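J.: Chain by chain, the residues:
2 protein chains.
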Amino acid sequence: MREIGIGLLGLGTVGSGVVRLLQDNQAKISSITGRRLTIKRVIVRHPEKHRDTKLDGVPMTANIEDMIQDPAVQIVVEVMGTIQLAEDYIKRLLQAGKHVVTANKDLIAQKGGELVDIAAKKQRDLMYEASVAGGIPILRTIVNSFAADQILEVSGIVNGTTNYILTQMNQKKVSYAAALKSAQDLGFAESDPTNDVMGIDAAYKMIILTQFAFGMSLKLENVTVEGIDKVRLEDIQQAQSLGYTIKLIGDAKEIDGKASVSVGPTLIANSNPLAAVQNENNAVVVKSAAVGNTMFYGPGAGELPTANSVVSDIIAVTKDIGIGITGNTFNSYRHQVAIAPNSAVKSAYYLALKVRDIPGQMLALTRIMAESKASFRQIFQTSSDGDFARVVMITHEISLAQLEKVQEKVAVLENIELISSYRVLD
Amino acid sequence: MREIGIGLLGLGTVGSGVVRLLQDNQAKISSITGRRLTIKRVIVRHPEKHRDTKLDGVPMTANIEDMIQDPAVQIVVEVMGTIQLAEDYIKRLLQAGKHVVTANKDLIAQKGGELVDIAAKKQRDLMYEASVAGGIPILRTIVNSFAADQILEVSGIVNGTTNYILTQMNQKKVSYAAALKSAQDLGFAESDPTNDVMGIDAAYKMIILTQFAFGMSLKLENVTVEGIDKVRLEDIQQAQSLGYTIKLIGDAKEIDGKASVSVGPTLIANSNPLAAVQNENNAVVVKSAAVGNTMFYGPGAGELPTANSVVSDIIAVTKDIGIGITGNTFNSYRHQVAIAPNSAVKSAYYLALKVRDIPGQMLALTRIMAESKASFRQIFQTSSDGDFARVVMITHEISLAQLEKVQEKVAVLENIELISSYRVLD
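Quick mapping for you: the protein sequence lines, in order, are chains V and F. Quick note: the first sequence uses numbering that gives the first Met the number 0, first residue 0, plus one each step. Quick note: the second sequence uses numbering that gives the first Met the number 0, first residue 0, plus one each step.
Next up, chain V with everything else stripped away, as it sits in the complex (with noise of 0.2 Å):
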């Protein structure tokens, strides 16, 4: 049988889970591929750190010219976790002619583009299904399995950390202080959270959804972010005792031609699927003109799933290798960048507001709503310290330029604050 050789960057959690999978399943891979595929060489920034590896006789090195300069060595799978590296590393890797596995979904966001025309021009393969939901096999799902209908909307929860944070706040009725504190201690959270609760991972991948979807482009500027860090507890049992859990929910969709992306806090209506997502797992509901509704759920991250995505796209090339048809782009569908407008983004919105307990000021409010056109269909004050009164509303369907207004307004004035102002999804 014939060889296909194998090399890794890195040799973390993901690289080591890469090991395992091919150790593991040589058999069956080679039943399905018609090939042995095989470890040739490892690249590492410290290979005396390693040195108990189960990699007997592979050649371990610091230097990517080694890598680069082994003619055994047919793909690549970067699991490194940086990205300028990372980004140089593969452009010279696919100059050489090797075909790239990589997971790193800031590098595929932010210069994918870029990659993938050099991997186009070279005739090789680069593939990076690890790179958004773990281990749910999103990316191939979205091409091989929606290529002929019309993809409306892709939403979801892809970020495991900002679930896990809320599910336990949820669950155990902890702040959000409290609830990020156990998420680092049990090692879902890192000591610097700020990627994942402020929103940007999940923009990260919410872009590359946004290409395979609907074939265009974004850049992390496209995208209206926001975290989880502002969102209280009381947020939270108020949305439950309506009937909503709150989700971070990346949103992905098309609006007469153009896109509108957003990551935000969200009431997710109990009914939803998306509502029962539990703890660090992801899942993504594609809404299509033909299917309807469907949603892919797993694990979002994790040694073995996130290497299970990385060996279906080595597995992948080894196909495309045997079958001579290398340098297709992973997802060929293309079009035309165009953002929607304000104007023609519509939701309804949960907001909740501190209000000066004193009189005129529902009034006020409610003045306000009507000026911006926006109705609500329930509205709370739920209590009053004495000073000051909370009050909650769920608005009926209104536009994103709406809600603009109606902060902008509050905004001046000086009896009322917008503490916060969430979509709602049924």
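Don't read these hints as lab results, they were simulated from the structure. You can take every hint at face value.
Straight-line C-alpha distance at most 27 Å; calculated DSSO-like pairs for lysine-lysine:
hint: 1; chain 1: V; residue 1: Lys27; chain 2: F; residue 2: Lys318
hint: 2; chain 1: F; residue 1: Lys286; chain 2: V; residue 2: Lys27
hint: 3; chain 1: V; residue 1: Lys318; chain 2: F; residue 2: Lys27
hint: 4; chain 1: V; residue 1: Lys180; chain 2: V; residue 2: Lys229
hint: 5; chain 1: F; residue 1: Lys345; chain 2: F; residue 2: Lys229
hint: 6; chain 1: V; residue 1: Lys252; chain 2: F; residue 2: Lys27
hint: 7; chain 1: F; residue 1: Lys318; chain 2: V; residue 2: Lys318
hint: 8; chain 1: F; residue 1: Lys27; chain 2: F; residue 2: Lys53
hint: 9; chain 1: F; residue 1: Lys121; chain 2: V; residue 2: Lys318
hint: 10; chain 1: V; residue 1: Lys120; chain 2: F; residue 2: Lys27
hint: 11; chain 1: V; residue 1: Lys257; chain 2: V; residue 2: Lys110
Please read these numbers as outputs of a predicted model, since none were measured by experiment.
Using the hints provided, position chain F relative to the given structure of chain V.
T.: Relative to chain V, chain F alone:
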């Protein structure tokens, strides 16, 4: 742009959906496949009934020979909805060198192996994504995304009719007969619902899933099948009060290299995402060694969802033709059939019993359990009409062999009748 000629066998709901999707998404499909897909010929039993169809100038006849001998047709879509005729037609089409896409689950479950062999011998593609779970792309996902992983269990709700009936019983507190009638009135159940309510349809789908997950081609007699026709409203309500929802679950697992496949009413813990799958929707959970649990949820039937799966297959075949690699089987994973013995198949069970309300019966019952080494974690006597009491228990995990021993021993007792024994899934 080069053309690929499509032929249609049948022009019912799914056939019309395929026509519509091919017409509506022509540009996108061409941009992905590099080919123009054109419907060249249609075979229907009564051509005169389809005069008003939107297929101008496409020849429509009743004779399969017209399709077999048309050199313009490369891919034939079989959506006739019969078995015998479809088997004969598909064999002759494959022999004549046509590629075939079918949604015919009964045929694939019963004669799949034979058809796959003919296709391979003639180097032609045979695909059938639409045969399982309608709009959910589960077969292609297993092939592409779990290739390097070891699937341990595939389970789920794969019949929309029965899930609709059970959902109605649960939500509206109506009897099985009333829920079936409303399903029939709404078109979710056929006038002869036997195949659906007795679990046969689900069993065929599980046979196909077992082939993909474990490489084993089972027959219907290898599957333990129980329908929902004996599920009582009392069972559903009793289950709810214990935190479970009753669903018709198809389950295929591998135990020490041997398969165990069953279809039957099952108590699903409400924390399990399968419990939240409502009405006619389907969901399949894949449990694998590396990834853990993933769930794929969506519409299990319907004109356009099913048609989308058919068109995904057409696109896959078109790509294979373009690359020149037709004749690879849809799923190449092969493993010898072995069925796990009842002593190895373990589960917790819900047992509902009718017990004559005289002293000593509980003692007799608990003695039988003890003799069969079957312990229980919960037992309730829920009601008595004076003569008979209803007793419900949930066992700890026991083997199917132990369950059968209990069933046998209870069967000889005069004063105790075992009404139902359903699996319990946490």
